[in-house]
Amino acid sequence: MAATIECGADTNTSENNMSFKKALSVASSLTLQIVAECPVTKARVCDLILPHCAVNTPVFMPVGTQGTLKGITVDQLEALGCQICLGNTYHLGMRPGPDLIEKASGLHGFMNWKRNLLTDSGGFQMVSLVELSEVTEEGVKFKSPYDGKEILLSPEKSISIQNSLGSDIMMQLDDVVSSTVTGPRVEEAMHRSIRWLDRCIAANKNPHKQNLFAIIQGGLNSELRKACLAEMTKREVPGFAIGGLSGGEEKDDFWRMVTLSTDHLPREKPRYLMGVGYAVDLVVCVALGCDMFDCVFPTRTARFGSALVPWGSLQVKQKQYAKDFQPIDPDCQCPTCKRHSRAYLHALFKSDTAAMHHITIHNIAYQLNLMRSVRQSIVEGRFPEFIQTFMKRMFPSRDQYPSWAVDALASVNVTLE
Amino acid sequence: MAGSRMQLELSRVVQCTSRLGVLKGLGRTGQRSLEVPGCLLYTHFGTVPHLTQDTLHTMSNLPSVTQVTLSNIAEHQEVLEEFKDGFRKFAGLHDTVLYCSLHDPAMLCPTGYTTNKTVSVWGSGGRMELTVAKFMALQKSVQPDWYQSMADGETWQNSTSRKRVRKSVDRTLAHLDECLLVHQKSQELDGVEVFGVVEGGDILEERVRSARETAKRPVAGFCLDGLQTGSMDQSLRTQLIAAVNKELPEDKPRLLQGVGRPDEVLACIEAGVDLFESFFPFQVTERGCALCFSFDISPDPERAGRAPPAVLELGEEKDTAGDTKQNGDLNHDDQTQMTSFEINLKDRRYQDDFRPLVEGCGCYCCQNHQRAYLHHLLVTNELLAGVLLMIHNTSHYHGFFAALREALAEDKLDLLKRRVLRDGARQTERKEQDG
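From first to last, the protein sequence lines stand for chains A and B.
Note that UniProt numbering gives residue 279 to position 279 of the first sequence, counting from 1, and the numbers run on in steps of one.
Note that UniProt numbering gives residue 381 to position 381 of the second sequence, counting from 1, and the numbers run on in steps of one.
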């Protein structure tokens, strides 16, 4: 429906006419093929076919905020097996701006990334980074931190920028409320997010090559979540995100909202859980039925010298590693672990920024490998066993398992030993 | 010391001074070599700044010799001693010849911290004082293929007195004798080569004395110290180097420390220098700039008589060939100042410039990215800016050395010099116009 409106507006060439017809029938340019479903939990493995390449889900998507993944070249990222990464609309919209990126053949061309990109709406950064922001029905008003000018980020504006960026997956502008807020503001935000979704759908100029995802809101209130799910799933959108979580709420509330959302989301469309990236959260939320994840944590923590390992993390800069001549993780096959020891990386942190790049590479490899193992175990029908092994390795003893994870997994029939 | 395996085979000496050849017998097995004039691979603790091995090896034709400095290493002595297998293995550098120098050429060392028995190096944890005993213990734990002997190089300031210069020569010779004594008794250093250090500040007689005395010792080659950019102008440097080289044996390599600007490199090669340190591309990278000077002297008729298309934006064809005065106003004292051999990518004019840094450049950066992207990475302080610039600048700089050798082989050094200096001059002009 939305595609009809927008494509109708620019059917001035035969090529557009073609896509217009196509858009009427599909209104999206992705397909989701379910490869395997876990018979015990809600986990599933899919091939998500996007314009630039197929993505194997469940997938972790590294975040390249300003059109670059901190210190890593696109070739390195590709070599690690990354099929999709993120760019942030707020940052890129400010610098270098949508016009320039459009001139550079979109964000793909600008950063020379040949695989898929997902862009957020810009709304989250506005609320979290910019102090002076005001949300009205029109959009989010804020003062540019660069020139102090007042700017309005409306649903139309967000989509227009994302159309310029040319991402394979775009996110609707949603009314973001902190997950710790309760009361009428949450309900207002939920309803507004639905209205903004319709405006975003209508504003999308490229439905045939850019997939717009809806974002489920409703805070930590089950009824509001359900209402939002009921409304949004009526729309012809190619995928759904679960939003408004991972913002400091209790984990008990978090997982219940996640599982409630996946219960009501259509099986044939991808489900993206925003802002989640800790290993335990990933494994649990895959079990709850989520397909896609993103988080700045693995790359941000790397720059502080924190390397992710199957038993948690390893603070390379700590003195105890100064004479530790093993790799970060002896079982890891990443370029960092194959060549460098903890001791060398420890010392290099004092001499050069390349130390950060080494850990960033390792952490991305860790995240992608974790998801690869998850997928493989689901395909081979042993995901519940995988979870047991994973948890045993991650925590020294059973009584250190976080109770929310135990409960969440129990809800999908996995009782941790 | 076992007989020196390092051997300099000169294939050509142009106008009695510029030397072309191959430094052979490098590395523990003696199988590695390095073409001269050449430069070493500059690193921070064994890592080319900003680069991992993956990004580094997007470059082919990297020098076979990696330079590490005690200023980075000294504070990790205990670790290396416990590791036992030497720095090369510690740093994951499997296939390189390792040269260990005293100071980081990209950093100016404060003066006033040497004594008769010690020199100081500055690491991340501050100053460390080295005696010959400590210096040699470090070399044993580093296990380089060759190292610079301990030296008192605190003569680079203009105000250094003759007395202080003489003292630095005396001390450096004394350090060398002590180092050699320890070296010869150390089994761990069997087959490792030592470079003696020529000091003497800006005083000709002291330079000559230092060279003459050092040459009498069983060293494999010579480091020319205290002549770095900022310490003196090029004509004096050329004069001192020429005088020093007369005292040094023909068949041993001469490594000039602290000089990296292309114009100065050219002049020093004409004065008979063989080896340089490649810290210059790092400095260019740190100021957000890209090397763009042309060194293409190919006889391609389409290009003949015209400036090569290496840098498109170089405007007018005003021929200033051979006119080097244009560079005279550059501030030689400040190594952080932009030179005329580079472009400043932070400049707004590159915001929507979708060309590679240097047209036709084969480096990973130029093959994959555009100036506009580099500009964006720089203004947003993104780490990838340093990575990509370092790849390009390193590649460009080593390309320049390859061109230098080719020019020497074909007797076209003058042509190359004109090309490099003219480009530099044009850039300066342009900057002035813009300013």
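It cannot be assumed that every hint is accurate.
Computed list of lysine-lysine pairs in DSS-like fashion (alpha-carbon distance at most 30 Å, straight line) [stated by the list, open to error]: (1) B:Lys185 with A:Lys338; (2) B:Lys167 with B:Lys84; (3) A:Lys350 with B:Lys246; (4) B:Lys163 with B:Lys134; (5) A:Lys143 with A:Lys114; (6) A:Lys323 with B:Lys167; (7) A:Lys319 with B:Lys140; (8) A:Lys319 with B:Lys134; (9) B:Lys246 with B:Lys134; (10) B:Lys140 with A:Lys317; (11) A:Lys42 with A:Lys317; (12) A:Lys209 with A:Lys317; (13) A:Lys103 with A:Lys209; (14) B:Lys140 with B:Lys89; (15) A:Lys317 with B:Lys134; (16) A:Lys350 with B:Lys185; (17) A:Lys323 with B:Lys24; (18) B:Lys89 with B:Lys252; (19) A:Lys319 with B:Lys89; (20) A:Lys350 with B:Lys84; (21) A:Lys209 with A:Lys251; (22) B:Lys346 with A:Lys103; (23) A:Lys114 with B:Lys246; (24) A:Lys143 with B:Lys140; (25) B:Lys89 with B:Lys24; (26) A:Lys338 with B:Lys140; (27) B:Lys346 with A:Lys350; (28) A:Lys317 with B:Lys84; (29) B:Lys89 with A:Lys317; (30) A:Lys323 with B:Lys140; (31) B:Lys84 with A:Lys338; (32) B:Lys84 with A:Lys319; (33) B:Lys185 with A:Lys323; (34) A:Lys103 with A:Lys143.
It should be emphasised that the hints constitute simulated quantities derived from the structure, not laboratory data.
Hints versus structure:
no.	hint	in the structure
1	B:Lys185 with A:Lys338	violated, 36 Å
2	B:Lys167 with B:Lys84	violated, 36 Å
3	A:Lys350 with B:Lys246	violated, 42 Å
4	B:Lys163 with B:Lys134	holds, 27 Å
5	A:Lys143 with A:Lys114	violated, 34 Å
6	A:Lys323 with B:Lys167	violated, 40 Å
7	A:Lys319 with B:Lys140	holds, 24 Å
8	A:Lys319 with B:Lys134	holds, 23 Å
9	B:Lys246 with B:Lys134	violated, 33 Å
10	B:Lys140 with A:Lys317	holds, 26 Å
11	A:Lys42 with A:Lys317	violated, 39 Å
12	A:Lys209 with A:Lys317	violated, 45 Å
13	A:Lys103 with A:Lys209	holds, 18 Å
14	B:Lys140 with B:Lys89	holds, 14 Å
15	A:Lys317 with B:Lys134	holds, 26 Å
16	A:Lys350 with B:Lys185	violated, 33 Å
17	A:Lys323 with B:Lys24	violated, 35 Å
18	B:Lys89 with B:Lys252	holds, 28 Å
19	A:Lys319 with B:Lys89	holds, 21 Å
20	A:Lys350 with B:Lys84	holds, 21 Å
21	A:Lys209 with A:Lys251	violated, 36 Å
22	B:Lys346 with A:Lys103	holds, 19 Å
23	A:Lys114 with B:Lys246	violated, 58 Å
24	A:Lys143 with B:Lys140	violated, 60 Å
25	B:Lys89 with B:Lys24	holds, 22 Å
26	A:Lys338 with B:Lys140	holds, 26 Å
27	B:Lys346 with A:Lys350	holds, 27 Å
28	A:Lys317 with B:Lys84	holds, 22 Å
29	B:Lys89 with A:Lys317	holds, 20 Å
30	A:Lys323 with B:Lys140	holds, 18 Å
31	B:Lys84 with A:Lys338	holds, 20 Å
32	B:Lys84 with A:Lys319	holds, 19 Å
33	B:Lys185 with A:Lys323	holds, 28 Å
34	A:Lys103 with A:Lys143	holds, 26 Å
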